[in-house]
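Trainee: Residue numbers (this note's numbering), protein chains in the order written: chain H, 1 to 490; chain D, 1 to 98; chain G, 1 to 487.
Worth flagging that the hints you see were computed from the coordinates, not collected in a lab. One should not assume that every hint holds.
From the derived model, a few chain G residues whose C-beta atoms are all more than 12 Å from chain D [to be verified]:
| hint | residue |
| --- | --- |
| 1 | 11 |
| 2 | 50 |
| 3 | 263 |
| 4 | 351 |
| 5 | 441 |
Covered stretches of chain G, as calculated for chain H (at least 3 residues, CB under 8 Å) [to be verified]:
| hint | segment |
| --- | --- |
| 6 | 38-49 |
| 7 | 76-90 |
| 8 | 287-296 |
Just so it is clear, the structure is predicted and the values come from calculations on it, not from any experiment. Quick reminder that beta carbons are idealized off the backbone N, C-alpha and C, glycines included.
Spelled out, the chains give:
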Amino acid sequence: MSRTALESRRAFAEGTVTATELVETCLNTIERHDAKLNVFLTVADEQARRQAADLDRRRDAKEPLGPLAGVCVAVKDLISTRDIRTTCGSRILEKYTPVFDATVIDRLKQADAIVVGKTNLDEFGMGSSNENSAYGRVANPWDLDRVTGGSSGGAAAVVAADFVPLSLGTDTGGSIRQPAAFCGVVGLKPTYGSVSRYGMVAYASSLEQIGPMARTAADCRAALDVLAGHDDKDSTCSRTPLKDSSWNQSLKGLRVGWVEEHWTDGISEGIAAALRSTREWLEGQGATFVPVSLPHARYGIAAYYLLASSEASSNLARFDGAHYGLRANVKAEGRSGNGLEQMYSQSREAGLGPEVKRRILLGTFALSAGYAEAFYGKASRVRRAIQQDFLEAFQDVDVILGPTTPTEPFRAGEKVDDPLAMYLADVFTVLANLAGLPAISFPVGFTEHPLPLGAQLIGRPFEDRALLDIVERFQDDTDWHLRRPSSLNS
Amino acid sequence: MSQTPIDASVVKRVASLAKLALTADEELKLAGELRQIVSYVEQLGEVDVTRFEPLAHPTEVLDSLRADQQRPSLPVEEALRNSPQHDGTCFLVPPVLG
Amino acid sequence: MVDYELIVGLEVHVQLNTQTKLFCGCSTLFGQDPNTATCPVCLGHPGALPVLNEEAIRLAVVTGLALNGSIPPVTRWDRKNYFYPDLPKGYQISQLDHPVVGGGYLDLPAAEGQEPRRIRLTRAHLEEDAGKSLHDETSGTGDSRIDLNRAGTPLLEIVSEPDLRSAAEAKQYLSELKLLLEHLQVSDCNMEQGSLRVDANVNLHVMVDGERVATPIVEIKNLNSFRAVERALEYESQRQLAAFLADGKRIGQVPKQTRGWDDAAQITRVQREKEESADYRYFPDPDLVPIQLAADWVESLRARMSHRPAEIRQRLAGDLGLSDYDAGVLVAMGPACIAYFEQAIAAGGDAKRVSNWLQQDITRSASELGVTLDQFPVPPAVLGELVARIGAGEFTTAQGKDLFQHLLSQGGSVGEAAEAIGIEAVDESALDELCQQLIAAHPQVVDDIRGGKAQAVGAMIGAARKIDRNADPGKVRARLLELIQST
Ligand SMILES: [Mg+2]
Ligand SMILES: [Zn+2]
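Next up, chain H with everything else stripped away, as it sits in the complex (with noise of 0.2 Å):
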């Protein structure tokens, strides 16, 4: 197995590896293997090439280098890079290459990490298995017909299937736990507010954050360090920083919840099996478990799903074809009368998918006149009463156990016509979200297929360290996290 960003910047601080070999061998892995996965949108060849020459000076010049210095990272194809098209996995962005990078970029840049590339997700983030995508699927690495889940599948398929050890993915309502648990890697969704979203393409901007993708809590606890603190260019992000945790010597004391209501909403029997051992192992440790209510809980789908939509609607209005993105050729006759009309539903039509059109017409009916304070407003009371759930059971808990997802990865194709069913498999998911709270997705076992199973933990505001510090001790204890796909070996 190839090595974790840690090891990565730990062999090339020490001069085991020079950062060229070490961006060699992952551009030669995509070469090799992505034909299987199509995780990469867009390889960034040249600048990473380029920066793995200048680190490799730098570090022979003795200069000093940063926390991940010479770790080969991908990013969600969501995250604006300079020079590098980011596309969203949209057509309307086929051609669009961003003026500005996104402050997660900088900071990535500054601790010298090596963007290698954009990975594919479901066009806008919008999906739970990156099926979504104008540019094709991601296969999951356990199983290629299989989804990767979404919408940040291809930020967790490149971990999974060892091409970096390290990527970003972006959760609006589980799109880095639900393809974490899928694939068998971490995925942390930080507090809202703890990480900049400044060149993060918007799709439900109060629900949504950018985190780590890994195999191991430690590196994802190296990438939050980068990326999280105040950012001046974005409103939201908040001035209060992570706390510290207490949980990174023993877990004894610690308190964990166990949702009554998640254990009736047909939960797959590996799933429930995978988390009773999970749980054995805590209170193994010292932990007890409390039962905890979370009453509103049954309705996050619901408020979710329109909250996002809502956001979504306005979001994706300046993708119209008048200042950058596809715009539609607009037959001669339109242009004397409506040209300008046909200009924006032919751009739209043409370059927006299925699935995008459809939460962009729930959102837009969401918000119209007459419907808005029963749709929209009632979904935001909703959230408060959600958030509100938690609050109160944080009183009791410091950290609340679940699964991240109700079932394995499912076969792709299996529910791309019911669109509901499919908005179905982020019920455990969004709820983070809806609340602003971080929630980390980790490894805890396998099907006998085998297919990876996660668990869920929700921690409190700005807790976020908390959840990788148990996840870090799990992991030195166990070593599902260690088992690879075989899928690429051939």
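Starting from the known structure of chain H, fit chains D and G with the ligands onto it as the hints suggest.
Mentor: Then chains D and G with the ligands, alone, in the frame of chain H:
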């Protein structure tokens, strides 16, 4: 909450607000899907929400302000770089009337 | 003859005097090359985010206080969604439910023979401006050219109640509002540059069989000068009356119509029907957070209320003894004039004389030179000294004008100017000695003068001529009054 009727005319109006050109088939299909989704989300009607204030942001950040200080703008070539049509100084779009 | 009343409410969009845009650091300077004052934020690039300019909030609150409005503890941002090529995000960041200013009013100074009028305000809210669409018929392509330099410029939209009753009154309201904004320096109100734009909501109350009947409300857009407002309202009141007499349609019986003022044709025209424009789908902007307006901070801004036209008029007429008319004229000349005036009298100039100079020689010279008063070549302190010395009799009025012309073209101090054109200041010591002698000899007259009877000084002037036959009565009079009133 009463059942909200979603027919092709609602879809047509909403699509026109959102500037989406839909074929008649798409309209019909989306009306069905929207009907299904809307009837699902109408379960929110069960919740007594009168005691909950709307929540627009999960963390209540306040007063994110910047000083009134000029920052560099983009060179015009960069501003127009991704534009589907421009004349070197302005974005070009089909005629804006009225 | 039909008895009817014109009912008008105005929405005034005022560009605030900030260096940078409402949500990004691009310059708001007028007249830059197209699309050179733009960045990812104001171009609406994917992923770019807005951050609020604190100066815009401050100017909005100052205006709200000056308009007697209430400032809420928290103000918030909403999105107004619609598609237009000068609106790159597909929505405008504006304020719907929690505007920065609630209510308020503006008093219109009473014209002769009229009652003063109080115009109530509904609210004032902040929003970002759109860019500019230029339609170029000659380009041959038929395309519109879009310049986004103006996109994101801070606007304060001040909405009045339908309290205005005539075109003339609407114009008076706008003049008074403009003056207020100029004196507070919250906006330059340059209408040619679009810093102040007006929409009007207009209808009629017509008496029909002793009952007041309201006609449908029409919104008129595109009013880019006070004259346009006046003409459009006059036109619209005739048009609406004719329409009502023809079809009898009342308010609520037809949808609200939007018309545009065609300045060339001097008529209003129905604007193209935008079928879905009515549904803006406002909702809280999830990229922005609420802004707290702390009570003590708001209070600290009240100090600027002394710059309101009403307060300045009172100060000039009450404390400084100008006539109401002169005070009004100076205030109408704008904040640079008031600043000039106040500095000139601080340098010793008499208020009435400085006011005359400002209204005559200075205004004329400034307009000949094409400069504003803050760039006027004779600094206010120099003018103040000149006026004081003319008043003290050191220079005759004619000499004063010569000196002013010299200062205007050559600069320098009053002394330098006098030397350069060879005017000898009169030796004041003999005059002073004479006046002191007179004051000592006439204590009763001095008391009378101090008691407010300046005309009593005549008695001493007669006495002066008995001591020195050559004494200039005007100079003696001025010096006597100066000495008596300064002790
Ligand atoms: Mg407005
Ligand atoms: Zn800008």
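Trainee: Against this structure, judge whether each hint is valid.
Mentor: Results of checking the hints against the structure:
1. Consistency note on residue 11 of chain G: stated as away from chain D, and its beta-carbon is indeed over 12 Å from all of that chain's, at 19 Å minimum.
2. At roughly 10 Å, the least C-beta separation between residue 50 of chain G and chain D is not larger than 12 Å, which violates its mark as non-interface.
3. Listed as a non-interface residue, residue 263 of chain G keeps its Cβ farther than 12 Å from every Cβ of chain D; the least gap is roughly 15 Å.
4. The claim that residue 351 of chain G is not at the interface with chain D holds, since no C-beta of that chain comes within 12 Å of its own (minimum 36 Å).
5. Every CB of chain D is more than 12 Å from the CB of residue 441 of chain G (nearest about 64 Å), matching its label as outside the interface.
6. Counting residues of the segment 38-49 of chain G whose beta-carbon sits less than 8 Å from any beta-carbon of chain H gives 8, enough to reach three: the coverage restraint holds.
7. Only when three residues or more bring their CB closer than 8 Å to a CB of chain H does the claim for the segment 76-90 of chain G stand; here the count is 7, and the claim holds.
8. Three residues within the 8 Å Cβ limit are the bar, and the segment 287-296 of chain G against chain H gives 3, so the coverage statement holds.
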